[in-house]
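**Student:** Chains as they are written, first to last, in numbering that gives the first Met the number 0: chain A, 0 to 315; chain B, 0 to 315; chain C, 0 to 315.
Some hints here could point you the wrong way.
Pairs count within a copy or across copies, as identical chains cannot be separated in the list.
Unchecked claim - Restricting the straight-line Cα-Cα distance to at most 25 Å, the calculated cross-link-like pairs of lysine-lysine (DSS-like) are: (1) Lys-85 to Lys-121; (2) Lys-66 to Lys-41; (3) Lys-121 to Lys-94; (4) Lys-1 to Lys-184; (5) Lys-283 to Lys-305; (6) Lys-290 to Lys-309; (7) Lys-301 to Lys-283; (8) Lys-121 to Lys-184; (9) Lys-61 to Lys-85; (10) Lys-283 to Lys-41.
These aren't lab readings, by the way, just hints derived from the structure by calculation.
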Amino acid sequence: MKLSEIAKVVGAEFNGDDCEIVSMNTLKDATSNELSFVANPKYVKDIPNSKAGAILVTEATKEYVPKDSIALVVEDTYWQMATLSKYFAPPLEDKDAPLPIIGKGSEISPKAEIANGAVIGKNTTIMAGAYVGSGCVIGDNTILYPNVVVYRDCIVGNESIIHAGTVIGSDGFGFASNRVGEHKKIYHIGNVVIEDDVEIGSNTSIDRAVFGTTLIAKGARLDNLIQVAHNCVFGKGSVAAAQSGFAGSTIIGQNNVFGAQSGAAGHLEIAPFNTFAARTGITKSVKESGKTFAGFPFMDHKTWLKIQGKLARLIK
Amino acid sequence: MKLSEIAKVVGAEFNGDDCEIVSMNTLKDATSNELSFVANPKYVKDIPNSKAGAILVTEATKEYVPKDSIALVVEDTYWQMATLSKYFAPPLEDKDAPLPIIGKGSEISPKAEIANGAVIGKNTTIMAGAYVGSGCVIGDNTILYPNVVVYRDCIVGNESIIHAGTVIGSDGFGFASNRVGEHKKIYHIGNVVIEDDVEIGSNTSIDRAVFGTTLIAKGARLDNLIQVAHNCVFGKGSVAAAQSGFAGSTIIGQNNVFGAQSGAAGHLEIAPFNTFAARTGITKSVKESGKTFAGFPFMDHKTWLKIQGKLARLIK
Amino acid sequence: MKLSEIAKVVGAEFNGDDCEIVSMNTLKDATSNELSFVANPKYVKDIPNSKAGAILVTEATKEYVPKDSIALVVEDTYWQMATLSKYFAPPLEDKDAPLPIIGKGSEISPKAEIANGAVIGKNTTIMAGAYVGSGCVIGDNTILYPNVVVYRDCIVGNESIIHAGTVIGSDGFGFASNRVGEHKKIYHIGNVVIEDDVEIGSNTSIDRAVFGTTLIAKGARLDNLIQVAHNCVFGKGSVAAAQSGFAGSTIIGQNNVFGAQSGAAGHLEIAPFNTFAARTGITKSVKESGKTFAGFPFMDHKTWLKIQGKLARLIK
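Working from the sequences, and respecting the hints, build out all of it.
**Tutor:** Here's what the structure looks like:
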């Protein structure tokens, strides 16, 4: 999309040299042919170092845009980012992509749907009703049980098992809202990567990243009915029991254990090797390792047990 | 169904003029060719004003039945209502209905199933494994991702997006129970209406109404793995994060925001423009607007923070 | 599988008479042509009475193995049990089994998949996108709504209704872990049995047993988005509202009622005829009947109400 067209869509002034913008990205990751934006004041500091070809800014933040980047000044940068995201979202399927490539020894049910442009590895089984989108790569010796859905451009590694009804790569829960309470969808341009030796239970939902990747790292184990929101990283060998949920952009280190119905807020970092009891509600980043937590808001497990004891005595 | 047959099925005495009863409905909404019932003492006051052609009542409540309506006296009105609901439930599919109508520009996967009697709008995409039942109407420019299920007679508006694995219109969780602990299913005769510009995440469940409609109003946003029970109204522009749940008949005003893993009890009314933190358990109706709540049972968010502080100090 | 091969796989010494081992099972249920194991010290007492043909034990526990059974001594019995489980798991489908048998009056959507070796009863409806695996038996007058998945060897009774997107028989969440945080899958050899007159909502997950059966007893009612883990027994006429969850091996007596978003820990026994309010977190077995519980950790409902009152006063 021409930068001049982008400027027109968002109603920004633009009279520099026109150029082709191929995608959108974060200030940190955008390259010279990508558009970025700054919506949260905490990221204003990242503007001067951005390599983005153009940046959506406000009157107040335009001064930080570096000289190799073009400032597009708008009133509501987040709303306009949402507006533009639609233009950079790929079609639901690449009808014109080559027929899917199926590796030797793989069995694909005639009732599964493998979209054009997908690549399936060797000795992999894709059962009835499963869907694999365009641009997906599914590894070797992997099983997709019936009615698993993998949205386009997502990757599933080798020796992995995805149980029935699980959805990988649906758009994250992101939208811009205006003052009259309308919401504008943010099309999610990123993907989901599931590494090797991962097992995911049934009816679990793993959303694709806005930009970049939602990652389920090697050896992870996810149970049934779990929510993994956009841009999470679920660390190597980490384990989550049924009905737990992880809000957007939370980064989970290796070999954490999450009990059933536990949950983590968004934008947290959780150090490796901790255990969270069932129903724990993780409200802050965890910097220590080797600890056990419980409660909501969460606390050391022993402290939680003490509080329960106190409460029990309270009523006597 | 003839009223005389209905009387026979439920074991009620009947020797008036026979008539055709075409459906069942609430006391308030029933018309002269519909049957109603009163099971909850709090609705006895609605009997005298009901326009229902016939009403299932007990010996104790029969005196309130207005003269234009016929009283069918039974011992357990709720149980008999459940018994009769089966007779008024339509078949799973209308095999004899006309072939589905597909609007111009719409793409229906050959692996999707569109039942006879369904109508699909223009430029709508229905992906592999999706199911649209008889009598459904799906609007224009709408997307049903793979394996979405829309049960018969439900409506989805224009410009809406339903992500993979979501189920719209399954029967609500309703049954009558007797003294030996058996349960009799209440067939749900109502539907679900999803208005325009709604986005619903993956693996979410929205149940159809017993009678009438479960409504997801214009501009609403629902995340993944959410439960919306029968007869709820989810207000215009309201937003619910993953794994939240709304029990039966709760009416949610516009532009409420529900955090992840929050929940609301049944039969509540929630005024517009409130925010409920993650894990909030809403146990009563909310009459104010512009407030933020947290906790279970829920309370003002600031009060909840204070209690957490007190508890933390308790154990020192 | 020959016992000598098994010994080789797990690196155990073996020089007795070779024999054929046909499956794995618990110490209590294993027969003379089955292999068992002991991983939890609390089951060491069951070794001497086991009828298993062979038992995986450690140096420390080998002395308890009865003389009719063969001890296979390994370092990590649980890890080796997981290793062997793969060998005893049946293939995903029995391609060579006879074509499915469909009872008189049943309607199977051409878009449903019924694997070879499945048996469907009379007047049963299996809608588009549903999957019924090899060895499954589905009863009479039963409905599987679109996209229901029943994994191989599971049983669904008569007059039962399974709503869309529900998954029955996925592998339970079980694996052995080693000291460097790797997990080895335990293939689940058991099944799920759903008795007669059961209704299960949409997008619910019921895992198959490791060995034996996960049971949903006659007349039970399960709502949407519920987790039932491996080896649970959900008692006759018991009822669970949406988003509740039951951890592994918990045995629930008849006519219990579980509110929405409630949960039970694993390996509990819950006596019949109790009620658990919404969000109750059941942490211990319940021996009484006729009671109402609430809270997490759970307690008598009245006590919970009192504590909430005290907390409310605390902050004044």
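**Student:** For Lys-121 and Lys-184, with the copy left unspecified, which applies at a CA distance of at most 25 Å: within, between, both, or neither?
**Tutor:** between (37 Å within a copy, 21 Å between copies)
**Student:** Within, between, both or neither: how does the pair Lys-66, Lys-41 come out at a Cα-Cα threshold of 25 Å?
**Tutor:** Result: close within a single copy only, 21 Å intra versus 70 Å inter.
**Student:** Checking an output row: Lys-301 and Lys-283, CA cutoff 25 Å. Within, between, both or neither?
**Tutor:** both (18 Å within a copy, 18 Å between copies)
**Student:** My question is about Lys-290 and Lys-309: at a cut-off of 25 Å on alpha-carbon distance, are they close within one copy, between copies, both, or neither?
**Tutor:** Both: 22 Å inside a copy, 24 Å across copies.
**Student:** With 25 Å as the alpha-carbon cut-off, assign the pair Lys-1 and Lys-184 to within, between, both or neither.
**Tutor:** For Lys-1 and Lys-184, only the intra-copy Cα distance (22 Å) is at most 25 Å; the inter-copy one is 51 Å.
**Student:** When Cα atoms must be at most 25 Å apart, do Lys-121 and Lys-94 count as within-copy, between-copy, both, or neither?
**Tutor:** both (24 Å within a copy, 19 Å between copies)
**Student:** Taking 25 Å as the upper bound on the Cα-Cα distance, should Lys-283 and Lys-41 be classified as within, between, both, or neither?
**Tutor:** Within one copy, since 18 Å is at most 25 Å while 37 Å is not.
**Student:** How would you classify Lys-61 and Lys-85 at a CA-CA limit of 25 Å: within, between, both, or neither?
**Tutor:** within (24 Å within a copy, 60 Å between copies)
**Student:** If the cutoff is 25 Å on CA atoms, where do Lys-283 and Lys-305 land: within, between, both or neither? Let me know, please.
**Tutor:** Both, since 21 Å and 18 Å are each at most 25 Å.
**Student:** For Lys-85 vs Lys-121, is the C-alpha pair at or below 25 Å within one copy, between two copies, both, or neither?
**Tutor:** Between. Shortest inter-copy distance 19 Å satisfies the 25 Å Cα cut-off; intra-copy 35 Å does not.
Consistency with the previously given hints is maintained throughout, with no hint failing.
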